[in-house]
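**Q** In case you want the letters, here they are:
2 protein chains.
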Amino acid sequence: MNEKRIYLVGLGPGEVSQMTGQALAALEDADVLCGYPVYVDLVKDRFPDKQTYTTPMRQELERCRWAIETARSGKTVAFLCSGDAGVYGMAGPLLQLAEGVEAVEIEVVPGVTAALSGAAVLGAPLMHDFCVISLSDLLTPWETIEKRLRCAAQGDFSLALYNPGSKKRTEHLRRACDILLEDKDPATLCGWVRNIGREGTDHALLTLEQLRDFRADMFTTVFIGNRTTKAIDGRMVTPRGYENKT
Amino acid sequence: MNEKRIYLVGLGPGEVSQMTGQALAALEDADVLCGYPVYVDLVKDRFPDKQTYTTPMRQELERCRWAIETARSGKTVAFLCSGDAGVYGMAGPLLQLAEGVEAVEIEVVPGVTAALSGAAVLGAPLMHDFCVISLSDLLTPWETIEKRLRCAAQGDFSLALYNPGSKKRTEHLRRACDILLEDKDPATLCGWVRNIGREGTDHALLTLEQLRDFRADMFTTVFIGNRTTKAIDGRMVTPRGYENKT
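First to last, the protein sequences are chains A and B.
Position 186 (the first sequence) corresponds to 186 in the working numbering; numbering is contiguous.
Add 1000 to the 1-based position in the second sequence for the working numbering, that's all there is to it.
Derived from the structure by calculation, the hints contain no laboratory data.
Errors might be hidden in some of the hints.
[As the list claims (entries may be wrong)] Pairs of lysine-lysine residues, derived as DSSO-like cross-links and limited to a Cα-Cα distance of at most 27 Å, are as follows:
| # | chain 1 | residue 1 | chain 2 | residue 2 |
| --- | --- | --- | --- | --- |
| 1 | B | K1230 | A | K4 |
| 2 | B | K1230 | A | K230 |
| 3 | A | K50 | A | K75 |
| 4 | A | K147 | B | K1147 |
| 5 | A | K147 | B | K1044 |
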């Protein structure tokens, strides 16, 4: 076993009970827990003796570089990400920055991303083919996001939208809905979930037309159905197709 | 608490260590473990005293009906799905069949689906916007699958392909690649993972051109990059976009 190791750990939506056993074992094995302060706070009570290293938001790359240098120095680092480390997480940037650093072993430990944990709250909106799209244009040109929304609507995918809004980005969800409405019915069933897996989880179903006027914050994940998605006893369900066979 | 309850439990890719604490707690709470025999076998050693109920493949709806009747009779049922219960799992069909059955509480417990667990094996192929598409035409017309593949390629999404092949369906992956090649570069980086999280996990990177000739079986998940996806130290990495900001 190589002792110079970084685990990229997906914590799932929040509470420790939503982590996998493998993720917990990675934290147990680590010398240092590293991440955005909120994520480190979620687990540090369980590992009171571990060293921690946090950097504020927007300093992700600095954190990656620190993790690589710390692992090179002989420590095992658990790099914490909310949800899954491989979905808008830090697995990609860290692997890119560690290119050619042969002495450090990097292991990605998957977790339950918000598309899955939010879907479970709403019912089963992603039962069939689906797309995951982030509405944040911090790292992606808005034209790329628009193009993908348009293609997703034309393919009649269900969608999970990450980063649908924030204090600064108040119009992105409305603009996204307008693009989707070019190809999707205004009555398409949608849903949102806020604070998934944390205190104060909240959710609601609504139509795509109504979603235009919904004010999403950065703790919200938005779900948009395909043309067969329907409400069943208050849940959002995309049929898988068994009803066509029987 | 309502005692008439069905947990729809996503087991993750296989080994118990890949389940969440919440999923384990649901199995612990259940009187009966119900599912496809392979899934029940994965966990029954840990719960030797639980009643089990299995039905073979293609009898999923019968299993759902049994679970609903068993819960109505006052037992708590854990309905096991591999990966996540809400991604090509049984959450949708069960919620549909339980429509109007007010006496039974249904709770979806999310798990790590193969898109996430397979991505972790390969590196970080789904770091940016992505689509999940099943190539099985058992429940979906092939024309719908073709249309979605075409839209996914036009939107330059990364893709995770479920059910890329089986003994009977040997040509689906090749046909899918041919559609993707209408809009994607033949050199697009792809990968496959077999037996994720189980004994004999295997994986490889290859180009979209090479993927045409790959023979996938039903234990394989296939990943297709977007136009920026690249190999870094043997891993498949889709950049998130930080490099455009720095």
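**Q** Hint by hint, note whether the structure agrees.
**A** Hints and how they fare:
| no. | hint | in the structure |
| --- | --- | --- |
| 1 | K1230/B - K4/A | holds, 24 Å |
| 2 | K1230/B - K230/A | violated, 39 Å |
| 3 | K50/A - K75/A | holds, 12 Å |
| 4 | K147/A - K1147/B | holds, 16 Å |
| 5 | K147/A - K1044/B | violated, 47 Å |
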